[in-house]
Amino acid sequence: MNIFVCIKQVPDTEASLSVEGGRKVRESGLKWVISPYDEYALEAAIQLKEKTAGSTVTAITVGPARADGVLRTALAMGATAAVHVETDSELDHHAIAACLAAAVRSCGEPDIILAGKQAIDVDAGVLPLFLAQVMDLPAASGVIAMEVTDGLAKVEREIEGGARERIEMALPCVIGATKGLNTPRYPSLMGIMKAKKVEVKKFTPAELNVESLEPALLLESLSVPEEKAPGRVIEGEPADAVRELVRLLRDEAKVL
Amino acid sequence: MSRTLVFVETQDGKIKKASREALALALSGPVPVAVVTFAEDGADLAAGLSGVPTLFHVTGAGDIYQPDIHAATLENLIRENGIKTVVAAHSARSRDLFPRVAARVKAGLVTDCVAVNLEEMCAVKPVYSGKLLARIKVNAGVNLFTLRPNVFPAEIPEGKGIPEVVAVSAADVPARCRVVEVAAGAAGRVDLTEAAVIVSGGRGIKNKENFALLQELADVLNAGVGASRAAVDAEFAEYNMQVGQTGKVVNPKLYVACGISGAIQHFVGMKTSKVIVAINKDPEAPIFKKADYGIVGDLFEIVPLLKAELEKALN
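Protein chains in written order, with my numbering: chain A, -15 to 240; chain B, 150 to 464.
Heads up, some of the hints might be wrong.
[Unchecked claim] List of simulated lysine-lysine pairs, DSSO-like, C-alpha gap at most 27 Å:
(1) A:K238 to B:K461
(2) B:K397 to A:K8
(3) A:K238 to B:K286
(4) B:K430 to A:K15
(5) A:K212 to B:K438
(6) A:K8 to A:K186
(7) A:K212 to B:K423
(8) B:K397 to A:K212
(9) A:K212 to B:K430
(10) A:K8 to B:K255
(11) A:K186 to A:K212
(12) B:K397 to A:K15
(13) B:K461 to A:K8
(14) A:K238 to B:K255
(15) A:K138 to B:K397
(16) B:K402 to A:K212
Hints are computed from structural coordinates only; laboratory data are not their basis.
Construct the entire structure; sequences and hints are all you get.
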């Protein structure tokens, strides 16, 4: 199978962030990681490869030079090839999807394309579905269970109140992964050594003939939200403290 | 004249609260409003939509959500009626449907908005798991917004007349992403993303069985039950209960955190709750710096007391 995984480099989830120039995240001192949902996509891709002899897993990212780091991690985990669409521009999701689609096609016809359901930087949650539309493929996102056999993907996604949709799609298709799908592996030491030697295919958006269209969204500003003032700890014996808490919830906070 | 289209979801024949919030926003905007519903009995909504000139009632889409058919139908509706703006609640449904529609019509789409200005066509949304806020101007011919539940007012002003119901046939396209079955979740469970009250447990709950204690408290408050990542990773709770960075972002008026230390990745998922209550036996737990009210104590003692006290107060 010709398997693709789209991944994105994001600031470490534990990082506290600040803004410079009113609309950019201050990058100095930041640690970068693969967006957590993309790790589930990557793990699913590697498991598929392991099950189907002769398969390849190509990891693709769109981003600046530093994004090479996530491709190396993907290779160390078990991806067999990597493509970097290198750009410093702020692209909207239509343009990113176009870049990813062109990068996939540059490697041949896909059987399945996986991505995280959402990147935890812009938190839009649209990319897998945009990519599918650009490539005219069926897609499901927010997938927590999947099984691929005989050219058919059977997946499950959670909707409201714990209900699940069971979905069937013919391959090729696009799948947006979420937590619950699997437990991503850690890269092995040998994997890390091997990953260093792999040559990453590089393109610019222009080389992929992605036209620079007027972006659909313009980021005007980024800001740090106001923090609430810390509240109070209610002292006293448990029964008294609980009584006081209920009184405060009813009379002061008015939420009961 | 351009119109703002509101995609509404219903439950038991009524427009859901989160959809009413989207409708109220659209009605406060500068152009007339049209509502679209895929509900089988959707035409009946007209009586409750005074002040809305048009209700598009989609028929023939089937009784199960089929993403490709719904997306193609909305695309046709947008194109044929010259719709420039579409708003909806940020729900499980719109999270799936709106990106599909936006990709089809090359729209600007801002998901999970906490503020929207329909005159200036810009929105504010949390990014980096709520660590930052982005102000985004939409810049496409058609623009879509989904609104975080419980942020916008849901009161709909009384208007004149009821809408004209326009029947719309569902698009005749194949369902390539085919929903074959919808398996119901546990009965009576409150959906966390729209819940007004949430009771959540962390590692301090100690095991899966003890979550029953939180469920009992939740029942008194008509609340949803959530969990921290630590509790989910320890398999005390299911993933669909996880609140925080790789789980759900919730926004209730009351959030009761029991045995949760308050790591940043949990906090970013619930920090916009109107009131946060923390119950933890560790007085140094970071959650106490973020909670409006805290009780330092053993949750196994405090939670039953709280349940009993709330039963008294609410009756």
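Check your understanding: When you check the alpha-carbon spacing of K8 of chain A and K186 of chain A, does it fall within 27 Å?
Key -> holds, 25 Å
Point to revise | Restraint check for K8 of chain A with K255 of chain B, where alpha carbons must lie at most 27 Å apart | key: This hinted pair holds, its Cα atoms lying about 26 Å apart.
Exercise for review: Below or equal to 27 Å on CA atoms is what counts here, so check K138 of chain A against K397 of chain B.
Suggested key: Satisfied, since the Cα-Cα distance of roughly 24 Å is no more than 27 Å.
Practice item. Take a quick look at whether K397 of chain B and K212 of chain A sit within 27 Å of each other, Cα to Cα. Key: Satisfied, since the Cα-Cα distance of roughly 21 Å is no more than 27 Å.
Practice item. Compare the distance between the alpha carbons of K238 of chain A and K461 of chain B with 27 Å, and conclude whether the hinted pair is satisfied. Key: At roughly 16 Å apart (the allowed maximum being 27 Å), K461 of chain B and K238 of chain A satisfy the hint.
Practice item. Measure nothing beyond the straight line between the CA atoms of K212 of chain A and K430 of chain B; if it is 27 Å or shorter, mark the hint as holding. Key: holds, 23 Å
Review point. Does the structure keep K397 of chain B and K15 of chain A at a Cα separation of 27 Å or less?
Key: The given pair, whose Cα atoms are some 24 Å apart, holds under the 27 Å limit.
Check your understanding: Within 27 Å, alpha carbon to alpha carbon, are K212 of chain A and K438 of chain B?
Key -> Holds, because 10 Å separates the two Cα atoms, which is no more than 27 Å.
Exercise for review: Measure nothing beyond the straight line between the CA atoms of K397 of chain B and K8 of chain A; if it is 27 Å or shorter, mark the hint as holding.
Suggested key: holds, 26 Å
Practice item. Could you grab the alpha-carbon distance between K212 of chain A and K423 of chain B and see if it respects the 27 Å cut-off? Key: OK: K212 of chain A and K423 of chain B at ~10 Å, within 27 Å.
Review point. Is the Cα-Cα distance between K238 of chain A and K255 of chain B 27 Å or less?
Key: violated, 44 Å
**Study point:** Agreement of K430 of chain B and K15 of chain A with the hint, judged by alpha carbon distance not exceeding 27 Å
**Key:** violated, 33 Å
When the structure is compared with the earlier hints, violations turn up for hints 3, 4, 11, 13 and 14 and for no others.
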